[in-house]
Amino acid sequence: MDKVRLIDIKELILSDNRDLAEQIRKYLKDNKVFMLNLMASPGSGKTTLIIETLRRLKDKYQVAVIEGDIESQVDADKVAAEGVTAVQLRTGGACHLDAPMIKEALDTLDLTALDAILIENIGNLVCPADFDLGETCKAVVLSVPEGDDKALKYPVIFSVCDALVISKTDYLELSDFDPELLAESVRRLNPSIRIFTTSCKTGAGLDEWCSWLSDQIKAATA
Amino acid sequence: MVSVHLQAGELRDIAAEWIQRYFDYLSRGTLAEGAKIVLTKIPAQMTCQTCRAGFNADIRADKIECPECGNDKAVLTGGDEFFIESIEVI
Ligand SMILES: Nc1nc2c(ncn2[C@@H]2O[C@H](COP(=O)(O)OP(=O)(O)OP(=O)(O)O)[C@@H](O)[C@H]2O)c(=O)[nH]1
Ligand SMILES: [Mg+2]
Ligand SMILES: [Zn+2]
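Chains as they are written, first to last, in our numbering: chain B, 1 to 222; chain P, 1001 to 1090.
With the rest of the complex left out, here is chain P (with noise of 0.2 Å):
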C-alpha cells in the first residue's frame, strides 16, 4: 500500500499529523506498513435561509453572511464528511 487518500469535512477535528502517527503505529508488520495518509479537507457548506444559495463558509470567522444576498440566517448543509476516498496500491 502506498498511500491512503481520506476526505474530512471541516467541521472534523482531525489533525492530519497525529492520524498519520496512529497510523503507522497500528499499520506496523502489516501490508500497510509505510503508507503515507494524504488528507484533503472539505470546506463548511451553508445554504442562504433568504435566497436558497450554498456557499462555503468560515465557521469560525465571527460573521457569516451569504455572499449572494449579503443575509446571516443560513443553514449548516456539509462539511462533516469523514471517509476513505482510495487507496493506491503496487
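With the rest of the complex left out, here is chain B (with noise of 0.2 Å):
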C-alpha cells in the first residue's frame, strides 16, 4: 500500500480577504478618509441609527454609506433621501459582507472627497464578525427589545468591536432588560469597549455616540 504522506500547510483560510481588507485599510489611511463597519441583526435600528448620525455631522464632515442588504435597496433609498450618496451591495443570499464587496463599492467613490464612510453590514450577529472589511472602527448595535443575554449567546460580536450602541432605550421602561447587566457581559470579553445608549425616539444618547464618532473622524483625517 502506499504510504501516507503528511504535508504541513499552516495557511490561514480567509487570508485572501484579510490581504484584501489590508489593503482597503491602507488605501483609506492615503486617502484620510474614516470607516465604520456597523454591525447588528435585523430590524435592530441600524439604519434609524445612521440617518440621526448623518443628520448630526453631515455638515461638518462629507460622509458617504454602504448599504449591504440581502435584497432591496430601501436603506440605500432613505440614505439618499438625507443629501446623501448611498452604494447599496447586494449580496443575493450572503449574510455578511466581505472585503471584495467594500473594494467595488470604494471604487464607485471618489475618497478624495470623503472624510468619512459609514458600513451597514448584513442583518446578522455572526457571519460578519468574522470578516475584516478594512475599516478603521467596528460597531455593534443591540437594541433593548432582543433582550440583554446577548453577549452570552453571541460573544465573538461583542469581543470585536470598539463601540457597542444599546439602541431603542425608549423601551426600557415596558421590559425587563438591564443595561448595566449587558454592560458587565460585555466588558468581561472587551475591557476597552465605549458603550452608548441612545434612542432614536427620543434622541437620547446620541449626541455622545456622535461626539465619540466625530473623534475617530477627526482622528483618521488628521
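It cannot be assumed that every hint is accurate.
[Stated by the list, open to error] The calculated DSSO-like cross-link candidates involving lysine-lysine, where the alpha carbons are at most 27 Å apart (straight line), are: (1) B:58 <-> B:218; (2) P:1073 <-> P:1041; (3) B:218 <-> B:26; (4) B:78 <-> B:60; (5) P:1073 <-> P:1063; (6) B:218 <-> B:78; (7) B:58 <-> B:78; (8) B:201 <-> B:150; (9) B:10 <-> B:26; (10) B:10 <-> P:1063; (11) B:58 <-> B:29; (12) B:201 <-> B:32; (13) B:60 <-> B:201; (14) P:1073 <-> B:153; (15) B:10 <-> P:1036; (16) P:1041 <-> B:153; (17) B:78 <-> B:201; (18) B:26 <-> B:3; (19) B:103 <-> B:26; (20) P:1073 <-> B:150; (21) B:29 <-> B:218; (22) B:103 <-> B:58; (23) P:1063 <-> B:153; (24) P:1063 <-> B:150; (25) B:32 <-> B:60; (26) B:150 <-> P:1041; (27) P:1036 <-> B:3.
[As the list claims (entries may be wrong)] In silico negatives: residues of chain B with every beta carbon more than 12 Å from chain P: (28) 60; (29) 110; (30) 185; (31) 219.
[Stated by the list, open to error] Restraint-style ranges between C-beta atoms, simulated for each label pair: (32) B:70 <-> P:1026: 18 to 28 Å; (33) P:1049 <-> B:153: 16 to 26 Å; (34) P:1061 <-> B:195: 15 to 25 Å; (35) P:1038 <-> B:211: 22 to 32 Å; (36) B:8 <-> P:1026: 14 to 24 Å.
These are calculated hints, taken from the structure and not from any lab test.
A virtual CB, placed ideally from N, CA and C, is assigned to each residue, including glycine.
Grab the two chains, each in its own frame, and use the hints to assemble them into the complex.
Have a look at this one:
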C-alpha cells in the first residue's frame, strides 16, 4: 500500500479576505478617510441610527454610506433622501459583507472628496464578525427588545467591536432589559469597548455617540 | 488526499459537520474527493489585566475570572484562529 505523507500547510483560511482588507485599510489611510463597520441583527435600528448620525455630522464632514442588504435597496433610498451618497450592495443571499464587496463599493466613490464612510452590514450577529472589511472601527448595535443576554449568546461580535450602541432605550420602561448587566457581560469579553445607550425616538445618547464618532473621524483625517 | 487537518479557535463559529458536507460537495471529481476533514478546536485565550497570567477561558460562562488571582478583568488574546494545519496524501 502507498505510504501516507503528511504535508504541512499552515495556511490561514480567509487570508485572501484579510489581505484585501489590509489593502483597503491602507487605501483609506492614504486618502485620510475614516470607515465604520456597523453590525447588528435585523431590525435593531442600524439604518435609523445611521440617518440620525448623518443629520448630526453631515454638515461637519463629507460622508458616504455603503448599505449591505440581501435584497432590496430601501435602506440606500432612505440615506439618499438625506442628501448623502449611498452605495447599495446586494449580496443575493450571503449573510455578511466581505472585503471584495467593499472594494467594489469603494471603486464607485471618490475618496479624495470624503472624510468618512459608514457601512451598514447585513443584519446578523454571527458571520459579519469574522470578516475584516478594512474598516477603521467596528461597532455593534443591540436593541432593547433583543434582550440583555446577547453577549453570552453571541460573544464574538461583542469581543471584536470598538463600540456598542444599546439602541431603542425608549422601550426600557416596558422591558426587564438591564443595560448594566449587558455592559458587564460585554466588558468581561472586551474591557476597552465604548458603550452608548441611545434612542432614535427621543434622541437620548445620540450626541455622545456622534461626539465619539466625530473624534474617530478627526483622528483618521488629521 | 486522505485528510485535511483544520484548526479553529473557539471564537469561530465553525460547524464541523457542515464543513465536511460542503467539502464533499466541492471536492467531487477532484484529487481531494473523499478526504476527511479533521477539525481541532483551539480554546479562547485570555490574559489577566491584574497579574498578566494567561489562561484558557470559557467565553460562554456566566463569569470569567483569572485562575491565578481571581480577578475578572481580562482581555481576549487568542481564539480566533482558523487555518489549515496540514494535509495527508498518498
Ligand atoms: N422605538 C424605537 N424604534 C426604533 C428605534 N430605532 C429604530 N426603530 C425602529 O425599528 C425598526 C427597524 O429599524 P431599522 O433602522 O430599519 O433597523 P435595521 O437594523 O436597519 O434593519 P435591517 O436593515 O432590516 O436589518 C423601524 O421601525 C424603526 O423605526 C428607537 O430608538 N426606538
Ligand atoms: Mg437597515
Ligand atoms: Zn490574575
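Hint check results:
1. Straight-line distance between C-alpha atoms of residue 58 of chain B and residue 218 of chain B comes to about 14 Å, which keeps the hinted pair within the 27 Å bound.
2. Between residue 1073 of chain P and residue 1041 of chain P, the direct Cα distance comes to roughly 24 Å. Compliance with the 27 Å bound is thereby established for this hinted pair.
3. At roughly 17 Å between alpha-carbon atoms, residue 218 of chain B and residue 26 of chain B fall within 27 Å of each other, so this suggested pair holds.
4. Restraint check: the Cα-Cα separation between residue 78 of chain B and residue 60 of chain B comes to about 20 Å, which is no more than 27 Å; the hinted pair holds.
5. For the hint pairing residue 1073 of chain P with residue 1063 of chain P, the CA-to-CA distance comes to about 11 Å; that is within 27 Å, so the pair holds.
6. Between residue 218 of chain B and residue 78 of chain B the CA atoms are separated by roughly 26 Å; this keeps the pair inside 27 Å, and the hint holds.
7. A threshold of 27 Å between alpha carbons decides the hint, and for residue 58 of chain B with residue 78 of chain B the separation of about 15 Å falls inside it, so the pair holds.
8. Taking the CA atoms of residue 201 of chain B and residue 150 of chain B, the gap is near 23 Å; set against the 27 Å cutoff, the hint holds.
9. Straight-line distance between C-alpha atoms of residue 10 of chain B and residue 26 of chain B comes to about 26 Å, which keeps the hinted pair within the 27 Å bound.
10. The suggested pairing of residue 10 of chain B with residue 1063 of chain P is violated, with an alpha-carbon distance near 34 Å, which exceeds 27 Å.
11. The suggested pairing of residue 58 of chain B with residue 29 of chain B holds, with an alpha-carbon distance near 20 Å, which does not exceed 27 Å.
12. For a cut-off of 27 Å, the pair hint linking residue 201 of chain B to residue 32 of chain B is broken: about 33 Å separates their Cα positions.
13. Taken as a hint, the residue 60 of chain B and residue 201 of chain B pair is honoured in the structure, with Cα atoms around 23 Å apart against an allowance of 27 Å.
14. Between residue 1073 of chain P and residue 153 of chain B the alpha-carbon distance is near 20 Å, which keeps this suggested pair within the 27 Å criterion.
15. For the hint linking residue 10 of chain B to residue 1036 of chain P, the alpha-carbon distance of about 17 Å falls within 27 Å, and the restraint holds.
16. Taking the CA atoms of residue 1041 of chain P and residue 153 of chain B, the gap is about 19 Å. The hint holds against a cut of 27 Å.
17. A C-alpha spacing of about 17 Å is found between residue 78 of chain B and residue 201 of chain B, which places the hinted pair at or below 27 Å, so the restraint holds.
18. Proposed proximity of residue 26 of chain B and residue 3 of chain B is contradicted: the alpha carbons are some 46 Å apart, above 27 Å.
19. For the hint linking residue 103 of chain B to residue 26 of chain B, the alpha-carbon distance of about 12 Å falls within 27 Å, and the restraint holds.
20. Distance check on the hinted pair: residue 1073 of chain P and residue 150 of chain B sit about 20 Å apart at the alpha-carbon level, within 27 Å; holds.
21. A threshold of 27 Å between alpha carbons decides the hint, and for residue 29 of chain B with residue 218 of chain B the separation of about 12 Å falls inside it, so the pair holds.
22. A distance of roughly 23 Å separates the Cα atoms of residue 103 of chain B and residue 58 of chain B; the hinted pair therefore holds under the 27 Å criterion.
23. Only pairs whose Cα atoms come within 27 Å are accepted, and residue 1063 of chain P paired with residue 153 of chain B is accepted, the gap being roughly 14 Å.
24. Taking the CA atoms of residue 1063 of chain P and residue 150 of chain B, the gap is near 15 Å; set against the 27 Å cutoff, the hint holds.
25. Pair hint residue 32 of chain B plus residue 60 of chain B holds up; C-alpha atoms about 15 Å apart against a cutoff of 27 Å.
26. Taken as a hint, the residue 150 of chain B and residue 1041 of chain P pair is honoured in the structure, with Cα atoms around 23 Å apart against an allowance of 27 Å.
27. With a C-alpha separation of about 17 Å, the suggested pairing of residue 1036 of chain P with residue 3 of chain B holds against the 27 Å cut-off.
28. Residue 60 of chain B, annotated as away from the interface, keeps every beta carbon of chain P farther than 12 Å; the closest lies near 33 Å.
29. Non-interface status of residue 110 of chain B relative to chain P is upheld: no Cβ of that chain comes within 12 Å, the nearest being about 34 Å off.
30. Not every CB of chain P is more than 12 Å from the CB of residue 185 of chain B (nearest about 8 Å), against its label as outside the interface.
31. Listed as a non-interface residue, residue 219 of chain B keeps its Cβ farther than 12 Å from every Cβ of chain P; the least gap is roughly 22 Å.
32. At roughly 23 Å, the beta carbons of residue 70 of chain B and residue 1026 of chain P sit within the given window of 18 to 28 Å.
33. The supplied range of 16 to 26 Å is met by residue 1049 of chain P and residue 153 of chain B, whose beta-carbon atoms lie about 25 Å from each other.
34. Distance hint check: the CB atoms of residue 1061 of chain P and residue 195 of chain B are about 21 Å apart, consistent with the given range 15 to 25 Å.
35. A hinted range of 22 to 32 Å for the beta carbons of residue 1038 of chain P and residue 211 of chain B is inconsistent with their spacing of about 50 Å.
36. For the pair residue 8 of chain B and residue 1026 of chain P, the supplied restraint of 14 to 24 Å holds, since their beta-carbon distance comes to about 23 Å.
Comparing the model with each earlier hint shows violations of hints 10, 12, 18, 30 and 35; every other hint is respected.
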